[in-house]
Amino acid sequence: MADHAPLSEDRIAYLEGLVSQARTAAAVFSQYTQDDVDRIVKPMVLAGLEQAQYLASLAIEETRLGVLEDKAIKNMVATEFVYNYVKDKRTVGVINEFPERGILEIAEPIGVIFSVLPVTNPTSTALFKCIMAIKTRNTAIFGPHPRAAKCCAEAVRIMYETAVKNGAPEGVFTCLDTPTIEDNRYLMHHKDVRLIDATGGPGAVKAAYSSGKPAMGVGAGNTPVYLEKSADVDMAVVDIITSKTFDNGTICASEQTVVIDDGIYDATLEKFAELGAHICNPEEAAILSQTVIDPETGFMRPIAVGQAAATIAQYIGLKVKPGTKLLIAPIAGVGRGHPLSVEKLFPVLAVYRARSREEAFKTCVDVNHLGGIGHTAVVFSSNEEVIRKFGEVMNAGRIIVNSPGSIGALGGVYNDMVPTFSFGCGTGGGNSTMDNVNIYHYLNVKRVARRTQAHMWFRVPNQIYFNMNAIENIRQFPSRSTMIITNPPLERLGHVDTVRRYLPPDTAVHVLVIPDAEPEAKVVREGVEALNAYKVDQIIALGGGSVIDAAKIMKLQYEAPSADLEELAAPFLDIRKRVVQYPTEKVHHARLIAAATTSGTGSEVTPFAVLIDKEAGRKITLADYSLTPDVAIVDPQFVMTMPKGLTADTGIDCLVHALEAGVSIHSSPYTEANAMQAIRLTFRYLPTAYAQPDNVEARSMMHNAACIAALAFSNASVGVNHALAHAFGARFGVPHGRANALMLPHVIAYNASVPSKFMPSPNQRAYVAHKKYALIADLLGLGGETVEEKVNHLIAAVEALLDRLDVPRSIADLGIAREEFQQALPGLAKVAFDDPSWRSNPRMPLATELVELFERAWHGRRAGGQ
Amino acid sequence: MPVDSVWPIAGAEGVARAFEDAAGRLETVDGELTFDLSGVRKVDVAGLRAMSALAAKAADGKVKIALKGVNVDVYKALKLVGLTTAFLFPV
Ligand SMILES: NC(=O)c1ccc[n+]([C@@H]2O[C@H](COP(=O)([O-])OP(=O)(O)OC[C@H]3O[C@@H](n4cnc5c(N)ncnc54)[C@H](O)[C@@H]3O)[C@@H](O)[C@H]2O)c1
Ligand SMILES: [Fe+2]
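Residue numbers (the numbering used here), protein chains in the order written: chain A, 4 to 869; chain B, 161 to 251.
Be aware that one or more of the hints could be misleading.
[Stated by the list, open to error] Below are the DSS-like pairs computed for lysine-lysine, each with C-alpha atoms no more than 30 Å apart in a straight line:
no., chain 1, residue 1, chain 2, residue 2
1, A, Lys216, B, Lys239
2, A, Lys392, A, Lys365
3, A, Lys328, A, Lys216
4, B, Lys224, A, Lys92
[As the list claims (entries may be wrong)] Sample of chain B residues facing chain A (criterion: CB under 10 Å; computed from the structure):
no., residue
5, Leu186
6, Val189
7, Val203
8, Ala206
9, Leu208
10, Gly242
No lab work stands behind these hints: they were computed from the structure. Just so it is clear, CB atoms sit at the ideal spot from N, CA and C, and this is done for glycine as well.
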């Protein structure tokens, strides 16, 4: 601040008046409709077109640069072409609707814009920005370049009067009378100026960005042109001359250095000469570079800007033919040692002979990076590969193909880009945008986002065979080579022979007996070797969850040997958006038939498999629908041999699966139907299956219940009960079902009360678990009037069921010492917190609440409920 | 508050006139001055200026100015020029 002359009080009052006026106008403008706005824009455009010549002549007179005819064309592009682009665009109220995404876009005007106008395109930029401001219901204070103040003020006056006559609020535009840098600084820092739109030299742009305000500054260029050997040289030469001489080269997108392939270099220069260019010899080029480029700064001299080729030639004493349009100077390199390789906003063009495509590209990169990053680049070629590669290596917002750079960059004339007079140069050019600045940069776009229902699914095996002797159905599946995978106790019980009996006679049958334990990596590896050795096309997993899981993982690695289990086990939040994808390309195909011999995990229909990594002391959980068995066999004959303890443990697991899936935030009517039925069957048949192991009906129904519960949790997942049970079971070596039992009554009570933290759940209302439990109580005929009563009845019924299964009812009952439990508690809570199971729980558990739940499980029974 | 101190205003043009009028007679008003803007769909520049001038004149707080029936578009325009705190908006 100190290095600037302070503004006088009068000047400050003047500037404050402008802002206040613009702010009031913006407030009034905010009430306008799209029709109101469109009714103003059209007459403004017509007025601009009518005055295009007049404004061009004012600009020439005042700035003394450029070409009258070209300035008139620019004024027409700024009005007619811009209008053509904006006329049917919505800029007020709802501007876009995406019903399928539930999104509405609504425009909010910006308010007061302080807009800097350049000396090179003064009136055209003013017309363009006035039209943009009105179309978007903004008001603008214009700060023209001091050497273009009068013509800008006149352009703004014409726009203003037409706008107000057609209904725009008074004060919608003003233009600084005698603009100074101090004025600009004051306005750029004014609290009521909402956006700075700086089209001008680097000083103005830098000031805009330094103001701390949202700003759009657009930068300088240094356009490289690659004239590649496949190009249409005749067309290219005309286009380059047209563009580079347009308004005497004042458009910052115009060509600066043409890099020409060796093979066409001489012919190209001849063509240039033929069409009115003067090709400088080395001495002339040296004089030219010393006079038009400042050797101190390395930048072009302002005096040359916008001057005609003949004027420049005369100025430096160069003898050229009458009518010379362009001065061309060959250069041998790019950079400070080659002064003419910089931006030259006048009809002086550098040319460079490239001996190879590689050299050409590199030279263009050099030019692009010599003050022109993000701006414009041009290529002439008929080789698509060249064009694409050029597009990749140039850092330019506009890459113009086979057409003039300057007029091409303006958009709408030679191509379908958005018409503009402000070229964004992206971050490389120190700008906030790389676009052709347009109405959308003058709007705040608000998005109204409706709650959408995520797509849901219900994915299960397409064949499930159940009831006594369901195993017979394996007959129908053709197989040359089948592997039965099981474990020693099940083999001893004769179940493998039963399976064998129903396989077609022409099937070669192999049996793989794996250890009686949860599957380990080594076991899986050996299994895959066996599958390979026998070129298996069908796998029958005969066992509980452990065997079926082992078979799922073996099949995965047999079919896709490169599958990396560690990677596939990567965590995810939403299975549809997961980062890691399971393999789809397979070297083998094997049908997986899962015949369950326990009634709990439901692994025969689930997309999950658990692998133990003994060395690392952890479990790897794989989850993907591609793991789901192709065929599930739910044949009660295999579970008749389950010992009582296993019946109880697996039966409780089944109940917890159903209860957790029932209240899960991912539940759906499909999973709820299955969960409810599984709960009903478990309450009805588990006590009998436990007390009378030979009761075929009870065994059969429990076997179905476990499978049906798994259909639910395969798609709705489980909850915090499993997170607690996993942590506790692993720490104290307690079987899964038993660990689940300890937590269950407390978890129901916990989930049924008002969450201290709600779980984000877009597919349902966040707090319905209590009502769902009440519904389950009704289904079980437990009675009760209120939701609370019903929940308490359900808890009591669960407790009574657990009592009948003789499972420990508290952690204390397990014989674990209080001190040991207390010591383990922080670790248990941490492991439970890290467990993904609770992510579908209806209540988001706080770490302290997990501790509290473990404490309750320590004490056990809920003493008749609460 | 006597009913006759409610000044009904019709249309955007009416706003400036009513508020300029009121500014001229502010000294004679005792307590509260109420304008009914339910007939005003949008406010124009002259109207906003007049409202702003009246608000400045009544800034000593002797007279409270209430605006009845202001639609949300007009309310937002007042917000944009920082005038919502200068008036009461009875519901
Ligand atoms: N994939 C899933 O969806 C899923 C879900 C939950 C748990 N699991 C996994 O499943 C495993 C637990 O499975 P599980 O509960 O079925 O137990 P399990 O498969 O480990 O079997 C437990 C014991 O019972 C024996 N057994 C199984 N069936 C029998 C029968 N009919 N008669 C006599 N003995 C029998 C087994 O040989 C074993 O000794 C764990 O590894 C767990 O991680 C998988
Ligand atoms: Fe489970």
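To see whether the hints hold, each was checked on the structure:
no.: 1; hint: A:Lys216 x B:Lys239; in the structure: holds (21 Å)
no.: 2; hint: A:Lys392 x A:Lys365; in the structure: holds (12 Å)
no.: 3; hint: A:Lys328 x A:Lys216; in the structure: violated (43 Å)
no.: 4; hint: B:Lys224 x A:Lys92; in the structure: violated (44 Å)
no.: 5; hint: Leu186; in the structure: violated (21 Å)
no.: 6; hint: Val189; in the structure: violated (25 Å)
no.: 7; hint: Val203; in the structure: holds (7 Å)
no.: 8; hint: Ala206; in the structure: holds (8 Å)
no.: 9; hint: Leu208; in the structure: holds (5 Å)
no.: 10; hint: Gly242; in the structure: holds (9 Å)
Against the hints set out earlier in the document, violations occur for numbers 3, 4, 5 and 6.
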